[in-house]
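Whole structure, please, built from the sequences with the hints as guidance.
Residue-level listing of the chains:
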Amino acid sequence: SAVISQKPSRDICQRGTSLTIQCQVDSQVTMMFWYRQQPGQSLTLIATANQGSEATYESGFVIDKFPISRPNLTFSTLTVSNMSPEDSSIYLCSVKEPGQGSGELFFGEGSRLTVL
Amino acid sequence: AQKVTQAQTEISVVEKEDVTLDCVYETRDTTYYLFWYKQPPSGELVFLIRRNSFDEQNEISGRYSWNFQKSTSSFNFTITASQVVDSAVYFCALRGDSNYQLIWGAGTKLIIKP
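Going line by line, the protein sequences match chains A and B.
For the first sequence, the working numbering gives the first residue as 28, with consecutive numbering after it.
For the second sequence, the working numbering gives the first residue as 1021, with consecutive numbering after it.
Check each hint, because a few of them may be wrong.
[To be verified] Okay, derived cross-link-like pairs now, DSSO-like style, lysine-lysine, Cα gap no bigger than 30 Å in a straight line: (1) A/Lys34 / B/Lys1129; (2) B/Lys1058 / A/Lys34; (3) B/Lys1090 / B/Lys1023; (4) B/Lys1129 / B/Lys1023; (5) B/Lys1058 / B/Lys1090; (6) A/Lys92 / B/Lys1023.
Please keep in mind that the hints were generated in silico from the structure rather than gathered at the bench.
Note that the structure is predicted; figures quoted are calculated from it, not measured.
Have a look at this one:
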């Protein structure tokens, strides 16, 4: 399976600032996704990162708050903008490898964000 | 609508006991896929297993086994002779045939005491 690296692994940020999380995959993948996991909760899909075009956002998430870039098939970034304490979560990058019709996702180690 | 229910919020057992984590799902798709993931305290999500709806054969992998029952819409996960390293949150997830979105259960926190 693909090896997925996320940076930073954790950070503590001040309210009102923005943070960009990077996701690097060691092979080309067709589909990349960003998830949020609030403390003690399950995973919520933020968006699908599309290579060469705008990301597709899920209900409740908007581009102004969570801009996403995907310049190529191995890299994506998620920015959490104008942060508030409610944004404290683990943010996870996940990928679906080419040719896998069954669709299991593989995940990075996550970026644990605390907003003060 | 699709839904995954993990009714057990938290389970605590003593090491070497067997433990079963329940997962019940709802879907109208005739073809679908079920998954289990493990999330240890470090936070990463580790893929454990995928089961296709047309394959009801149960699976065993070492101390782990999975029981897929379409008749009861359940996909339960059993750990035999549990170990402290099994302590984690375990998520069950469902994907229908129409898109790649995973529907996640709420997770079961498993605590294995030495």
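To see whether the hints hold, each was checked on the structure:
1. For the given pair, A/Lys34 sits about 26 Å from B/Lys1129 by alpha-carbon distance, which is consistent with the 30 Å threshold.
2. Our distance criterion of 30 Å between C-alpha atoms is met by B/Lys1058 and A/Lys34, whose separation comes to about 21 Å.
3. Under the criterion of a C-alpha separation no larger than 30 Å, the hint pairing B/Lys1090 with B/Lys1023 is consistent with the structure, at around 15 Å.
4. Proximity of B/Lys1129 to B/Lys1023 is assessed by CA-CA distance (about 19 Å); at most 30 Å being required, the pair is judged to hold.
5. Annotation: proposed proximity of B/Lys1058 to B/Lys1090 holds, straight-line Cα distance about 23 Å (limit 30 Å).
6. Restraint check: the Cα-Cα separation between A/Lys92 and B/Lys1023 comes to about 28 Å, which is no more than 30 Å; the hinted pair holds.
The earlier numbered hints are all upheld by this structure, with none contradicted.
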